[in-house]
Each structure stands twice: as C-alpha cells, then as structure tokens.
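Undergrad: The residues making up each chain are set out below.
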Amino acid sequence: MSDDLPEEFDLIVLGTGFAESCIAAAASRIGKTVLHIDSHDYYGDVWNSFSLEAFNKLLDQPSSSLRNGSYTWHEPAEEAPSWTRETLLEKSRRFSLDLSPRVAYSAGALVQLLIKSNICRYAEFRALDHVCMLYNNELVSVPCSRSDVFNTKTLTMVEKRLLMKFLTACNDYGEDKCNEDALAFRGRTFLEYLKAQRVTDKIATCVMQAIAMCDASSSFETGMQRTQRFLASLGRYGNTPFLFPMYGCGELPQCFCRLCAVFGGIYCLKRSVDDISWTPDAKELLLSSAGKTLRAKHIVCAPGQLPATLAPHYGQLQPHISRGLFIAASPLGNEELNKGGGGVNLLRLLADEGQREACLIQLSHYSGACPAGLYILHLTTPAFSEDPAADLADFTAQLFETNAPQILYSAYFTITAPTNANESAATPIYCTAAPAYELDYDAAIADARHIFSQIYENDDFLPRAPDPEEIVVDGEDPSALNEHSLPEDLRAQLHDLQQAAQQMDIAE
Amino acid sequence: MASRKKSLLKVIILGDSSVGKTSLMNQYVNKRFSNQYKATIGADFCTKEVVVNDRVVTMQIWDTAGQERFQSLGVAFYRGADCCVLVYDVTAPNSFKNLDSWRDEFLIQASPRDPEHFPFVVLGNKVDLDNRQVSTRRAQQWCQSKNDIPYYETSAKEGINVEMAFQTIAKNALEQETEAELINDFPDQIRLNSENNRPGNADNCQC
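Protein sequence lines, in the order shown, are assigned to chains G and R. Position one of the first sequence corresponds to residue 1 (our numbering), numbered consecutively onward. Position one of the second sequence corresponds to residue 1001 (our numbering), numbered consecutively onward.
Here chain G stands alone, though its shape is the one from the complex:
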C-alpha cells in the first residue's frame, strides 16, 4: 500500500459492519476527519454478503466473530439434475450469501434513517412478496393488504371480517386514551386480549406468529405496538410491510461507507491493527498498524476487530446467533407463494411451545442474491450452544419434514459476541455490539446512535446529505457543506410522510 495516509484523525473506526459504518458516516457528515479500516479485504465484516466460494472459505477458517462453520453438498435432485456442486460453483459470484440477513419494515428505523440522511440514493430494495406462517404443518401466506384479505382462500368469510375488525381496532388503538380495551387489558398479555376478541384459532396464529410476532408472554401493550408497527408499514411500497435490500444486506454498510467517503472519510480495507494505546488522560489514542502510528481523538471498534491485546477487556466470545443457510432448487411452499419464479418470503417459526423462535427468509433470484431457478433459505435463531445445526434442528424439522424443497447445499455457523461488549470502562475504545437477533435494524441503529452521541454529544446523527444540485463547485469551502442540515421544506415533508404512514389504514 502506498502509504501517504494522514496520521491524525478525529475518529478512527475499525470494522466496516453495519453499526461501525453508520458511526463513520455520521462523524464524516458533521465534518470530522475519519479513517475507516477493516482487517478483511471486503466491506461489512459479519454483516456482509459473500459469493458462494468466498462463503465456503469463510466457513473453513474460523475467526473471532464466526465459528463452528460447516457445509455439505447434497446429491442433485432428480427434478433438477443440472445443479451440481460444479455448476453451483461456476455461478459463485451470482450468489450474495448473507451472514446477518434482515428485512426492513417499510416505515421502520432503517428506512427512516436512509430517507432522513439521503443515503437511500445508494440503495435499492425488493418488496417482500409474502409473510408466511405455518398452520397445521402447512405454509400459508398471511393476508397483509385489504385486497389480500378479501382474495385469500385460506380464510373463511367470517374469519375475514373478524381479522379486518381486529386489525382496524389495533390500528385505532392509542388514539382514544380512555379506550375500554386499553384499560381492561393493561398488565395482561396480548394473547389474552386476542382470545377475548373471540377470533378463530387460525386468526390467532396469524396475528401471533406473523403480524404481532409475539409469544404467549408478550404484554398487551407490546403486542399492540408491534401490530401497529406492522400496519404502519403496509401500503407504502409492496404488498407486504417489508423490504429486502437488492443483492443482500451486505450492500447496506457500503451505502453508509460511501456517504462517509463522499464527505472525505478515508477507506483502507485489508489493514489490521497491532495495538492501541492511549495517553493517561485518554485524550489521544495511538493506533499502530503496519509499522505506522496513527493518532485519533476517538476510536470505535467492532468486537471482532479488537487487537488481541485488548480483546480480553471485553470478555469471552460466546455463541450469539446460530445460522443455517440452504441453497435449494425449489422454493418452500406452494405455487401460490412463489408466482413468477419464486417469492422473497418471510416466515417466523416457533419451537418449545413458543419459548424459542427462528426467522426464515427465502430469497429468489429477484432479490439479486442468487441465480434464477435457485432459492436461498436463511435460518436464524439466538444461539444456546456451540452447535448451530442442533440449535436449529427443531426448526429445520418443521420446515423440511413435509414438502421439503430440493436442497443442494446446506451450511451452518455461529456468530459470536463478547460477554461484556458494552463494558468499555477499562479502555477508552467504543465497542459496537455484534449483530443482534432481530428482524430489522432497530438495535443496530440504536447502538450506532448511542455511541455517536457519547462521542459527539450535541451533534445531529446523520442529518440530510445535500442532493447533487445543492453543491457549489467553484471556490467552495467543503466545510460549508456541513452546515447543510435538513432544509425546512424537507423536514416538513418527512414529517408529513411519517404522519401519513401512521394514519394509514390497512391500505391496498
């Protein structure tokens, strides 16, 4: 590497995962000098998406943040003899295999942040085709929009009316503070409320599993809140409330990194850090890397990228997320769920009488994450052992016992997290959290926002970046860009948008 790298920065960020990239972008956006490095030769760390070949290599070599990796090639199915190990590997680069797959609520934290910051111009999405549930061992689509409810064959007329009535009630909940239900069910569970509405078992499953994503112990308030979140995200983009980033979730950290770079952030991949030390008052941190000492006022680091000398401060690396990844030659579920070459579908699975859950995301080639004719199934659950396949066994059994898709390849791995990720008292380094078990990016964004506000107390987190035409080219003062906070008109527009989303009925 030609080493004309500056030696002094306001902020050095180690690791290009989602939260680190948010922080780097936010700091650069407010005019701080940022160096963003990663020990890997790719962006995204444990949030990245990989080609099939790179993914296998990753599973073969355990690292601090990923271990217990294994993969198996299965005999090509009779119906799809052309997909062999060789033909799959030939198309290696057509795959974007996510380590930490997520979907985003259309009106959720990620989408709001992307719009607010104007980073949305770097990203493209695919609307999820179906939100599914398992009912009597059958995979069925949960009707999302009003027209879905009317057209669905899975519900009877009476059930349709009940569901609409129930959802309308949830949607209106909270507007009337003296709502009878709110008073009657305060402190009780959402399930009790649902039962009191005398909905059928099928509708109860539908609401609990797919819409409110609750378990039996979830409180009435939580259930209502989640149902409302689901409803608020309807009718904005596609047929369901969810979006998936085109080419996989690994694109998202790169969008934030691009913004950071556009505002002057410097990027160095494949650069490892040997040690970090600091002055007694911790006002200046010294980072030694490739025989060079770099100075920074602050350092943010991903748990997997801490230099070996400092890692022990953050405790042991424990299994955090257990992941399964399957490549199949046929999709899950019937034709209805996979029109026109396959759906991008979401399914929440429960086991141990609702005590444990897993999330399944099916991707067809429309997601840009695999070749046409193939499907990727991402299975994710909180880890409770060092054996990801065993952690997921209850869920794979539910999925594959009846109507199993033709699986060509299966892989398992564990994502780790340090036991005291947030205990940074021993060092002045801010350590981000490992990917949490969550559907959307709420926790990751909250983590980034929290760290940012600790470092830059009074600054705005990712204010709107100016559009192309707003930048003056000649004789400009680059620092002037930083005063460009969200203009009044856009602030009003965003506000209207959020209001509209909140008031939206179960729209078409």
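No lab work stands behind these hints, which were simulated from the structure alone. Glycine included, each C-beta is placed from N, C-alpha and C at the ideal position. A few of these clues could be false.
Stated by the list, open to error - In silico SDA-like pairs for lysine to any residue, Cα to Cα no more than 20 Å straight-line:
(1) G:270 <-> R:1112
(2) G:270 <-> R:1071
(3) G:270 <-> R:1108
(4) G:270 <-> R:1016
(5) G:91 <-> R:1186
(6) G:91 <-> R:1112
(7) G:339 <-> R:1190
(8) G:91 <-> R:1105
(9) G:57 <-> G:72
(10) G:57 <-> R:1109
(11) G:91 <-> G:365
(12) R:1010 <-> R:1060
As the list claims (entries may be wrong) - In silico negatives: residues of chain G with every beta carbon more than 12 Å from chain R:
(13) 160
(14) 365
(15) 426
Given chain G's structure and the hints, the job is docking chain R onto it.
TA: Just chain R, lined up with the frame of chain G:
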C-alpha cells in the same frame, strides 16, 4: 416508456487517484474545471440527460468518492454498471499500467453477463500538459488488444474531447443493451423516497 428497457444508464469511472476522474465528470456535466487538486471530497455521482439514437436516456455517472485511493472500492459500487470508463493520466505511466488491473477488477467485481463484450471506454486525460509520457500509439495498442476498446485523449481542463467521449460512452452502454435484448434483470426494484425527491435540474452534479 412502455417498454421495460432501461432508461437509466449507470456509468462508473475507474482509474488511479488524481488522473482526473472527478474533473472529467465535472467538465462534462457542469462545463467547469477546478485546477485546485483535492482528493475527491463531495464527489458522488452526476446525472445528465442525453439523446442517443433519438432516445432520451438519463446517464448516471458514478465517481469513486476517493475509495480507490487505498484499493478499497466495495462491490456495491460496481453493481449494475452499464458501462465502465477507464481513465489514466498521459503524464503518469503508472496510471496507464494500472489500467489492466482496473479492468480486471471491474470484470471480477461487476461480473457482467458477457465480459467479452462489456462496453469499456478508455480516456487518456491531461493532454493539455507538456510532459506527456504515454504515447497515443501505446494506448491504442492496449485498447486494441482488449477487444477494441474505444479510446479518447481528453483534457478535462480545456474541455477537449470530453463531450464526444461521453457521447460514445452513452451510445455503447445503450447498444450493449439492445444487442443482448437485455430487459431489466430485476423488475419492481424500489428506490426509497424516489417520489419525494425535489424536482431537480436534469443536469446536476454532486461534485
């Protein structure tokens, strides 16, 4: 447009640091040149409407945002490119030598369906300077050896050949599409906020 043909062309500009990628883009879109060298701060992408074969298309030209400086361009940058512009500085032989690796890098990262016929255009920039080091012949030979890549010698400063080069870029990007009868690979892609963007000029630039 009723057809599913693309009306947006994504063009990416590659090449070593300080060969003039941002200046070329700036000259083409804004007809401006700033002599003051600065690493690409604030350079993002430009959009410009162009007419090619009686068809109006929007060309979106993406700058590297300086991420090439330490070989750290991510795969997201390369996604869905319709044409790749390779730029070198005629006064810097190394920047010419590196065209090979930039081209390879593009083919690996973007992995276009038909790498043999993917449209590249090579620009030898800074021909206004006196201390030229790479001869036209040498550059042309290299371009010929790579499946006849169109070659232009430009000066972003003087505005020499810039318009013509980008017209070729737009034309070749579009032709590749019609030749292969390429319809949009991924219909129904969603861009957030696209409805809510303020009406901007057709020609604008983020650099």
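Undergrad: Indicate, hint by hint, whether the structure satisfies it.
TA: Evaluation of the provided hints:
| no. | hint | result |
| --- | --- | --- |
| 1 | G:270 <-> R:1112 | 25 Å, violated |
| 2 | G:270 <-> R:1071 | 9 Å, holds |
| 3 | G:270 <-> R:1108 | 18 Å, holds |
| 4 | G:270 <-> R:1016 | 18 Å, holds |
| 5 | G:91 <-> R:1186 | 18 Å, holds |
| 6 | G:91 <-> R:1112 | 12 Å, holds |
| 7 | G:339 <-> R:1190 | 19 Å, holds |
| 8 | G:91 <-> R:1105 | 18 Å, holds |
| 9 | G:57 <-> G:72 | 13 Å, holds |
| 10 | G:57 <-> R:1109 | 18 Å, holds |
| 11 | G:91 <-> G:365 | 13 Å, holds |
| 12 | R:1010 <-> R:1060 | 5 Å, holds |
| 13 | 160 | 27 Å, holds |
| 14 | 365 | 8 Å, violated |
| 15 | 426 | 31 Å, holds |
Figure legend: structure checked against the earlier numbered hints; hints not met, in rising order: 1, 14.
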